[in-house]
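As you go down the protein sequences, you meet chains D and V in turn.
Letter by letter, the first sequence follows residues 8 to 344 of the numbering used here.
Letter by letter, the second sequence follows residues 8 to 344 of the numbering used here.
Source of the hints: derived by calculation from the structure; they are not laboratory data.
Some hints here could point you the wrong way.
[To be verified] Using C-beta positions, here's what the derived DEER-type ranges look like:
no.: 1; chain 1: V; residue 1: Gly-281; chain 2: D; residue 2: Asn-268; range: 49 to 59 Å
no.: 2; chain 1: V; residue 1: Arg-175; chain 2: D; residue 2: Arg-14; range: 19 to 29 Å
no.: 3; chain 1: V; residue 1: Thr-171; chain 2: D; residue 2: Ser-22; range: 51 to 61 Å
no.: 4; chain 1: V; residue 1: Asp-325; chain 2: D; residue 2: Gly-80; range: 50 to 60 Å
No residue lacks a Cβ here, since even glycine has one placed at the ideal position from N, Cα and C.
There are 2 protein chains.
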Amino acid sequence: MTATVHRLNPHGTPSLDPLMALVAQDLNLVNSVILDRMQSQIPLIPELAGHLIAGGGKRLRPMLTLASAKLLGYEGTRHHKLAASVEFIHTATLLHDDVVDGSDLRRGRRTANIIWGNPASVLVGDFLFSRSFELMVEDGSLKVLKILSEASAIIAEGEVNQLTAARRIDIGEERYLEIIGAKTAALFAAACRIAAVVAERDQSEEMALDAYGRNLGIAFQLVDDAIDYVSDAGTMGKDAGDDFREGKMTLPVILAYARGNDDARAFWKEAVAGRRISDDDFMHAVALVRDSRAVDDTLARARHYGQRAIDAIGGFADGAAKRAMIEAVEFAVARAY
Amino acid sequence: MTATVHRLNPHGTPSLDPLMALVAQDLNLVNSVILDRMQSQIPLIPELAGHLIAGGGKRLRPMLTLASAKLLGYEGTRHHKLAASVEFIHTATLLHDDVVDGSDLRRGRRTANIIWGNPASVLVGDFLFSRSFELMVEDGSLKVLKILSEASAIIAEGEVNQLTAARRIDIGEERYLEIIGAKTAALFAAACRIAAVVAERDQSEEMALDAYGRNLGIAFQLVDDAIDYVSDAGTMGKDAGDDFREGKMTLPVILAYARGNDDARAFWKEAVAGRRISDDDFMHAVALVRDSRAVDDTLARARHYGQRAIDAIGGFADGAAKRAMIEAVEFAVARAY
Chain D
8 MTATVHRLNP HGTPSLDPLM ALVAQDLNLV NSVILDRMQS QIPLIPELAG HLIAGGGKRL
68 RPMLTLASAK LLGYEGTRHH KLAASVEFIH TATLLHDDVV DGSDLRRGRR TANIIWGNPA
128 SVLVGDFLFS RSFELMVEDG SLKVLKILSE ASAIIAEGEV NQLTAARRID IGEERYLEII
188 GAKTAALFAA ACRIAAVVAE RDQSEEMALD AYGRNLGIAF QLVDDAIDYV SDAGTMGKDA
248 GDDFREGKMT LPVILAYARG NDDARAFWKE AVAGRRISDD DFMHAVALVR DSRAVDDTLA
308 RARHYGQRAI DAIGGFADGA AKRAMIEAVE FAVARAY
Chain V
8 MTATVHRLNP HGTPSLDPLM ALVAQDLNLV NSVILDRMQS QIPLIPELAG HLIAGGGKRL
68 RPMLTLASAK LLGYEGTRHH KLAASVEFIH TATLLHDDVV DGSDLRRGRR TANIIWGNPA
128 SVLVGDFLFS RSFELMVEDG SLKVLKILSE ASAIIAEGEV NQLTAARRID IGEERYLEII
188 GAKTAALFAA ACRIAAVVAE RDQSEEMALD AYGRNLGIAF QLVDDAIDYV SDAGTMGKDA
248 GDDFREGKMT LPVILAYARG NDDARAFWKE AVAGRRISDD DFMHAVALVR DSRAVDDTLA
308 RARHYGQRAI DAIGGFADGA AKRAMIEAVE FAVARAY
């Protein structure tokens with residue numbers, strides 16, 4: 008092995024292409040599992056689930072399971088079902104999220120709760136959740152079951168934590184990081200970690216992949232939250248200003264509030280309370296966030312976690328898998344540049 | 008209040024002087040409490056405790072309690088006893104640490120365990136620990152008792168965690184951060200937080216000070232760990248290479264190992280196992296750490312936590328206390344430049 012110092016390069020134009028190329032064949036098999044297992048004799052279930060599952064998601068989490076398995080040189084097939092299981096957990100949480108938030112759009116399309124109503128969305132979420140456990144049980148690893156059931160509990164805790172933090176101007180950065188660590192990063196971490204379990208690697212490799220996924224997840228979410236205050240063409244299929252109009256407490260707001268003068272703070276309090284949601288209000292918010300360098304520093308935080316993700320897999324052998332996983336991190340943090 | 012965007016300035020020459028000036032009067036009173044309460048009819052106790060307490064420590068933790076109280080405009084005196092209590096907890100852990108590590112030097116002087124033996128050091132540590140709780144009980148706040156007893160338990164857990172991670176080349180950055188979060192940052196956090204309790208501030212101000220202390224503590228420890236591989240005049244009264252010779256797993260080693268080639272990894276394994284501790288070995292370690300940019304990136308991580316510390320107190324009114332607390336962070340991260 009040669010010496011390899013991988014430091015985050017914020018100035019390239021990284022993409023997810025190498026990651027997608029790396030796992031393309033495996034991902035086809037995972038997609039077959041997904042399509043097969045979302046079937047049911049109740050037509051509403053595949054209809055509703057399919058609306059979201061076919062609706063333009065990147066399959067990032069199952070791709071991470073597949074890429075991690077490649078990194079470890081795993082040559083079996085157990086990870087196909089488990090990657091599908093991870094995607095089902097993710098889809099279930101999206102369905103429930105949209106109900107909780109009362110969202111009407113996701114990735115530019117109407118949400119399931121708007122089309123079929125809240126009860127159907129909740130129940131199909133539960134169905135997918137159960138299917139994800141069926142897939143794990145078929146695989147038969149108690150260790151994988153433990154990792155993914157713990158991650159699911161943590162996601163739910165994170166959602167509740169976020170709910171109690173909603174529209175609270177004073178939550179602070181640490182609480183915010185706790186929330187995104189639970190609701191976003193925990194599943195990224197588990198998706199990567201289970202590859203080490205099926206490949207029968209030791210605890211330190213398991214935890215290295217866990218750390219890669221966790222830090223990547225945090226970086227992704229931070230950049231996502233920054234994008235809401237910069238771009239107007241939704242990079243993640245999300246429109247700028249969505250978070251703002253929902254009074255969501257994200258790091259750009261937390262920093263802009265902490266750094267703002269009395270006028271700025273009064274504005275943020277009103278905005279987070281839902282009393283400032285016009286386009287002009289949003290333009291004012293963007294200006295405050297920019298002048299306080301809150302977006303710059305949210306992105307700087309993202310780069311910190313991105314570098315940690317890259318360093319976490321530093322110990323694995325170089326090759327296409329490692330390069331693709333590093334570029335995925337660079338893609339995650341470069342999206343807002 | 009005016010708009011204030013405090014971003015970490017890594018290029019100045021910050022010092023702890025403003026912090027020391029801010030709390031000088033209060034610190035004299037805290038020192039009186041410390042001297043008074045370390046007395047005992049058993050002469051060995053003040054003799055041994057005094058050796059460490061008078062031995063050149065900066066009193067950083069009690070200063071943080073005092074500065075935080077100033078930041079909140081607290082005008083009472085309860086924090087003097089509590090700041091002494093914090094310093095006693097810290098001193099007790101140092102005494103026990105030196106026994107556990109078998110250290111013979113601290114801040115350039117022989118350690119208490121070398122002069123008086125391990126049993127005496129352990130017991131005087133216990134004595135100081137009990138005295139710290141006596142001081143809290145005299146103050147009478149159950150909330151302060153809870154915060155400091157929890158912090159003490161976390162410190163002990165962190166020490167045990169470190170013990171089980173000792174000489175293990177594969178612990179990884181996340182485990183390392185867990186350890187320093189517990190053994191260093193938890194007491195920094197509690198020291199700041201209790202000021203908000205005595206000043207009867209709400210939960211969000213408590214947690215803002217907690218976050219300031221916690222992030223500052225992590226930044227301090229990261230820079231400390233970096234310094235071991237750069238300076239040869241011990242900036243913290245510690246000589247370069249101490250960590251190396253003890254086979255301590257710190258972030259520079261974790262990054263240099265993860266980023267190293269086969270030769271470098273073989274070297275680090277031998278070194279951490281204690282089979283490479285000559286001066287030449289240390290020079291080789293310094294070169295590996297430098298070439299892999301492990302020190303650079305340890306310091307970059309420190310700046311991330313430093314910025315978070317500064318942002319955590321962004322919401323408090325500007326003034327001498329806030330400026331001194333910001334400069335303390337800048338001092339912490341600038342020490343290795």
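Against the structure, the hints come out as follows:
no., hint, in the structure
1, Gly-281(V) to Asn-268(D): 49 to 59 Å, "56 Å, holds"
2, Arg-175(V) to Arg-14(D): 19 to 29 Å, "25 Å, holds"
3, Thr-171(V) to Ser-22(D): 51 to 61 Å, "41 Å, violated"
4, Asp-325(V) to Gly-80(D): 50 to 60 Å, "56 Å, holds"
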